[in-house]
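Student: From just these sequences and the hints, can you work out the full model?
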Amino acid sequence: MHQVYVYGMISPSTVYVLDNEFSYPEANAYAEVAAIHPSVGGEAANSGIILAKCGVRTVLDGVWLAASRAPQIRALLAPYGIDLSLLTVKEGPFGTNEIVIADRTTRTPFGNYATFFKGQKQWNPPSEEHIRSASLVVLDPYFKDESEKIARLCVKYGTPYVTHDAPADGYIGQHAAANIVSHELRERPEYQGRELSQMFAEFLSRARGLVIFTFGEKELWYGRPGGTLTTFQPYAITPVDTAGAGDSFRGGVAYGLLQGWNDEAVVDFASAVAATVCLSAPHALNAPDLAGIRQFMRDHTRV
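Sequence positions in the sequence shown follow my numbering and run 376 to 678.
Capping the alpha-carbon separation at 25 Å, the derived lysine to aspartate or glutamate pairs in DMTMM-like fashion look like this:
1. 593 to 674
2. 465 to 521
3. 593 to 643
4. 524 to 503
5. 593 to 570
6. 593 to 562
7. 593 to 559
8. 524 to 544
9. 496 to 473
10. 496 to 520
11. 519 to 544
12. 519 to 503
13. 493 to 520
14. 519 to 559
15. 493 to 473
16. 524 to 565
17. 465 to 520
18. 524 to 458
19. 593 to 638
20. 519 to 504
21. 524 to 577
22. 493 to 562
Here are the simulated distance ranges between beta carbons:
23. 404 to 532: 50 to 56 Å
24. 675 to 493: 39 to 45 Å
25. 577 to 667: 35 to 41 Å
26. 569 to 432: 36 to 42 Å
27. 569 to 530: 23 to 29 Å
28. 583 to 398: 39 to 45 Å
29. 533 to 399: 42 to 48 Å
30. 639 to 566: 23 to 29 Å
31. 532 to 581: 18 to 24 Å
32. 570 to 602: 17 to 23 Å
33. 407 to 612: 21 to 27 Å
34. 404 to 636: 43 to 49 Å
35. 430 to 576: 32 to 38 Å
36. 404 to 667: 34 to 40 Å
To be clear, the hints were calculated from the coordinates, so they are not data collected in a lab. For every residue, glycine included, the Cβ atom is placed at its ideal position computed from N, Cα and C.
Tutor: This is how it looks when you write it as structure tokens:
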């Protein structure tokens, strides 16, 4: 059986990388496209790619794929040996689709995600058998009842899970082995005006596992219940494409927890994973494998 069960978003994607002399343009302005890449977007997809590149037996589950776009997903993921047998393919306008415009420091996605989540469910029920037998689960938290059901099944079977942007007061965030909190959660209306250190303390007080606050290339925070805030400076790089960096960071955290590393080692490795993804394009597809990540860590120093 597979070592890691990854559930969530898997999206056909096209990434437009801007020339280094251009930034993402203002309205009615111009920017030069240097490269166009067919890709796979989605938090689950990129976390799964990283785990597979690190030699972890990985199975993907989650959103339905439109029959017209499923071949792109299968072709791009096939080289990594990820098990796609749980994915559902449907004829018609199902699933998600995105384009991403990336410059050296930003990535701006366009897609149908808002419509996707407002409409009928277009994702699989969780596989209880895979959750029971997995060493670890990686979970996207926003698939309504299914996401919480997965978290509850993980608790039932003692299977640790890693998630991201799960609110402090929800079941998913409270029971995660690791919850990675980005600006996308911190900027929601319910958190507006909150002092960050107080918000971090609230997450720690409600959590059972590792809590990480990420800030892009800036110093990140991490800690556990009963502990204190610890900081970590990510690797200093000049990014090529930042699309998929956060998803890949989560994959790195999952790998570190699988190895039983201490928190500093987990965060260090995950930061290196994110950096190597930012130095390649598109998303995590052309990032290095485990040996390449370790070589990067030997060759690069953190500020």
